[in-house]
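S.K.: Once you have looked at the hints, place chains B and C on chain A.
Chains as they are written, first to last, in this note's numbering: chain A, 132 to 455; chain B, 106 to 657; chain C, 4 to 317.
Calculated directly from the structure, the hints in this document are not laboratory data.
Because the structure is a prediction, the values reported are computed rather than measured.
Each residue gets a CB set at the ideal place from its N, CA and C atoms; glycine is no exception.
It cannot be assumed that every hint is accurate.
[Stated by the list, open to error] Derived lysine to any residue pairs resembling SDA-like cross-links, with alpha carbons at most 25 Å apart: (1) 147/B / 585/B; (2) 262/A / 35/C; (3) 201/A / 480/B.
[To be verified] Looking from chain C toward chain B, a few residues come up when the C-beta cut is under 10 Å (computed): (4) 149; (5) 191; (6) 196; (7) 237; (8) 239; (9) 241; (10) 252; (11) 280.
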Amino acid sequence: MTERTITSRAGKKRNTVFNSPAIRKRVRNQIWQNRYIYMMVIPVLVYMALFKYMPMYYLRASFYDYKLLKGFEGSKYVGFKWFERLLSSDELWQYIRNTLSLNILSLLICFPAPLVFALLLNEVRNVPYKKFVQTVSYMPHFISTVVLVSIINNICSPSMGTLAKLYRMMGKTPINFLSNPDYFYGVNIVSGVWQTLGWNAVIYISAISGIDSTLYEAARIDGAGRFQQVLHVTIPGVLPTFILLLIMQIGQMLNCVFDKIYLLQNTLNLQVSEMLPTYVYKLGMVSHKYGQSTAGGLFNSVVSLILVLIANGISKKVSETSLF
Amino acid sequence: MKKTLALVLAIAMLLSVTSALATSTEAVGGMEAGWWKAAEIKPSETFHVDGGLNVTMLGIHYNQYPNTFDGGYYFPSVEAMTGVHFDIDWRTSDGYAEIVNTVLANASSDVTKLPDIIQPGAYGISALVNEGAIIPLDDYLDLIPNVVAAVGDRMSSWAAADGHIYAIPTIVNVPGSQSMTFRKDWALKLKDMGVIDFDTPSTWEEWKAFWYGVRDNDMNGNGDAGDEIPLVLEMGESGERCLHILLNAFGIKASNDAQFCVLDDGTYTMVYEHPRYRDFLTAVQQLYKDGIIDPEFATRKQADMYNTMAANKCASCFTWAQMSQTHTEALWEQGVTDALFQCVAPVQGPFGDRYLQERQAVTPLNCITEGAVARGNVENILKFWNWQFSEEGINLYNYGIEGYTYDLVDGAPVMKTSILQNGFVDYRTIGMECEPFGGMWQTSAFMQCLFAGKTVDELNAAYQSFWAGLNDEGVNKGCYYAMPPTLETEAYTEYRAELIIGSNGVCSLRDQTIAGQVSVDDFFARYEQLKSRGLEDVIEEGAEAYAQIVGE
Amino acid sequence: MSATAKELRPRKHRYEGDFIKRSRGERVFSVCNTIFMALLLIFLLYPVLNVISISVSNETQVMAANVTFYPIGFNAQGYTTIFKDGDLWRSILNTVFVAGVGCVMSLVALCIAAYPLAFGHFYGKKLYSVIIMFTMWFQGGIVPMFLAIQKLGLYDTLWALIFNSLISAYNVVIIRSYFNSIPFSIVESARIDGANDFRILFQLIIPLSKPVLATVALWVIVGHWNDYMTPLVLVSSRSKQTLQLMLKSVVLAAESSTSNLATLSTSDQMKGTAALPTQVKNAVLVVSMVPMIVIYPFIQRFFVSGVMLGSVKG
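So that you can see chain A by itself, here it is in the shape it has in the complex (with noise of 0.2 Å):
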């Protein structure tokens, strides 16, 4: 994060002692100064503490047997018995090695496929054609995830489905994807590219449209073909995005599109399907154990957090610019 340096004003002493009368009175000074700012930050300051932060003071219920109608004052303090029991149990492992794999599957797949379809759209030489596509490409990402999961059984559904009629088409037994745990991540990652595959181009097509045309000038009078041009020109040029966008991604590694996941879910594809976020959905929402579920919430909350800094951190060094 690039802070611009900015010379007016006060705040560059921001590490003075405050021990003379002078300086104190700068301090003084300064406060009124950005009185109106203050006016600003406050109010965020109460809102965040109001709807972010105090949440997290809930978290404590992971501490308790926690039931809802009594409160903190009813309910048993437990320790870390919710947690000891999450981390000795089997399906911990399970749930973390599903989002994983879904999450690298994604990273393989979806991840760079908005890069490759800006490459070529940049290369549609017919502009209505190619503002065409650019247009029905975003469409996708404007489609709740109740909506897609319906057409997903619309399209995949073995007795009604396209997918079926193609299969009987071609005489074979149509296959059925959505209760085959085979095809759990293969029906989430194509989903994945449908939905995000134009918008999440756009950054890519901007980076594109950023770079400096004499760069291709030059790389024409070097004797460059269009290839050679891409090659040369725009794929370093969009890489710093990617490369960007990339660490950002693997900090995300824990997280999952839950609602998808969830309306997905069935007994069939419970083994690969079930990850910690719906899980900690359904232990709490449906099977009512407040504690234990909140305290899964916190378990992957923190470890979502280290992967972050994580991430954060390789970016910094590898990139020299950092989210945070």
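M.R.: Same frame as chain A, but now just chains B and C:
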């Protein structure tokens, strides 16, 4: 151009919103809107709260009942007769547990925010007890003698696992209304083709012959021999409905959620402990492999199953007897004039077992909360339910208002034919037999709806099939067993999330075995692991609780 | 052609010179690329076309999987059925309210939150920044969120949905980055002229930030429109159901006929059958996705600038 298009669309949506909100209440079920307003309803002599009582309630609305009761006679009449006004927050069963969560959290440290009555639904009575939200009714039984009498000796379905009574039940004194059903016309077709030599499959071998025949032939004549499903199964939340018919065929008398059963020696245990469970799994796995069992059984929801019936794809399934009638007629309307879903006796298994679970007559439904206690409403609410199970209450619930929807003939209520024209559809649409609310449904009312003033012989084939699916005289006669309850013991509540419905739970394991992803031997090996992780406790505590309830 | 002549030629398009020089390989590639894009178009459009076709097709044809790109046995009964459903329309109105009010409130709040980060130099700025950024990487989770909203008395109100996502750290970062690209001298001279920061923000900065605000506005609207999880947890009354909850209960419910729609279609179409026809389900899907699909092409031109700033400079 784009802007005009958006504008037009926006206006169109706005118009439709206003038109949708402006729709007036139309006449329903052969009765004028507000027909009951003309009726003079007198306060009840046996129970009336002077000055009125407002009762709040969180309830589950389902299926064929109207969910806006504003136009119905029932609640206004109840209020006129008893002075009790019900303020009911109706929810769908889908996601109901989440709703209860939120209602409880809202009342955190202030129980007066709880409604007076909560229906437990998927949240479970034991979980409500755990939360301290509801009260046991054991000490109040003398306030509800009618209810106690109505339950009679069916205590095992009324009491909870801890032996206490927590809910006012809803009682359905009506024949078991689910049945195995199959496409009779397809069986006849197969017989003509020489594939099978019977009209109606009965034994295991015959059923298999029928199913394999359906699998290999183009029964619906659409040119595709592969799109008929020999046996459609409906999953439900954890496989409760779909596997019954097959468990029963192997002599396993399973509970409602297909997790528990009572062995021949009277022991209550999990179905997986049953000596025949291995045979069941092996056979079902083979059926799945052979394409007999619905390939989508794990994801097939009730509505999807009905869709396969209406789409001329389902050869046999286990469902409400009424669905045989409605889908036969739906097929007729589509021009499949010889279609017939015929209700038949349950599949007889390879060991000669032929069983069908009885319809659960007594279902604990309405729990009284600490909120009602705080408001001092408990006594009046219980008295109301006692009234609901009195003759007056039963008549209003089953037959409506005398002179309008029924007449007394020889002292027995007989419904007017105008509301029976569409069988149960109109009857329920105007708000009669409001099962989501709870009460006692009489066999007589049920039969009147079914026959609509006709005799069996006058009914069409679809209705005759429906009739046959009911137990008194029908095809299932003699096959019924009393369905064991699902006892929510402490161990059950503790382990259900992980060991029963969890990702490595026994339900998932069972389905994977059926789908051939896990071998039968592995199933039992992994089941033993689950037992050592806690299912053993579930079994033990369940057996103890059952012995205690039955002993009482 | 001399070098000077080449330079003098106007350069309208980066690739203008290519026409003559395109090699055979490049032409082959061009053709393949065009075809690939066409296939991609099919891949992208098919699912949506399929839903629309099903929503206006004959039920029997749908069940036989015959309906693909275009409707077969056209009828609009699905739509006439859902037009009667008050619950559906109410859920749409609720969602429009949340998305509309939420969008306006969010934009104002986000600008106020981002302004001090971009233009302020005050004691505690670092802390302020950390407090906001931390929420991007660490959240309380479902149960705690639910408990907090309930404690705040917002539980089961549409305001809970609006406030819960009023200020998201990610959006603050994006707006802040855009603000940073505005020359600081503008703010400085306005301050010298005696304008206070609120005036500067609302009269100077916001009008200059239209692209990013349009983009963020779209995100907020789409976010609210398509959110399933938050309303699932924070809203319970039937009268406050949002569109996605309604959709879920109509389209993906385990039990049949959990909605009014089933009752309506039961009495109208397939007398007595408790199943909701696929056609009706898909009609509901279409109604739910149309508004978003209609809105986004208008804001499309802002995407590039908005997204670019957010992610790269972020």
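S.K.: Against this structure, judge whether each hint is valid.
M.R.: Structure-based check of each hint:
Using a Cα cut-off of 25 Å, the hinted pair residue 147/B and residue 585/B is violated, with the two alpha carbons roughly 42 Å apart. Only pairs whose Cα atoms come within 25 Å are accepted, and residue 262/A paired with residue 35/C is accepted, the gap being roughly 18 Å. Using a Cα cut-off of 25 Å, the hinted pair residue 201/A and residue 480/B holds, with the two alpha carbons roughly 18 Å apart. Proximity of residue 149/C to chain B holds as hinted, the smallest CB-CB distance being about 7 Å (cut-off 10 Å).
Interface hint at residue 191/C: violated, since its Cβ lies 39 Å from the closest Cβ of chain B, which is beyond the 10 Å cut-off. Taking 10 Å as the C-beta contact cut-off toward chain B, the hint placing residue 196/C at the interface is violated, the least distance being around 38 Å. Given hint, residue 237/C at the interface with chain B, holds; its Cβ is 8 Å from that chain's nearest Cβ, closer than 10 Å. Evaluation of the residue 239/C hint against chain B yields a held restraint, the C-beta minimum of about 5 Å falling below 10 Å.
For residue 241/C, the shortest C-beta to C-beta distance to chain B is roughly 7 Å, which falls under 10 Å, so the interface hint holds. Interface hint at residue 252/C: satisfied, since its Cβ lies 5 Å from the closest Cβ of chain B, which is below the 10 Å cut-off. With its C-beta approaching chain B no nearer than about 8 Å, residue 280/C sits inside the 10 Å limit, and its interface hint holds.
Taken one by one, the earlier hints fail for this structure at numbers 1, 5 and 6, listed in ascending order.
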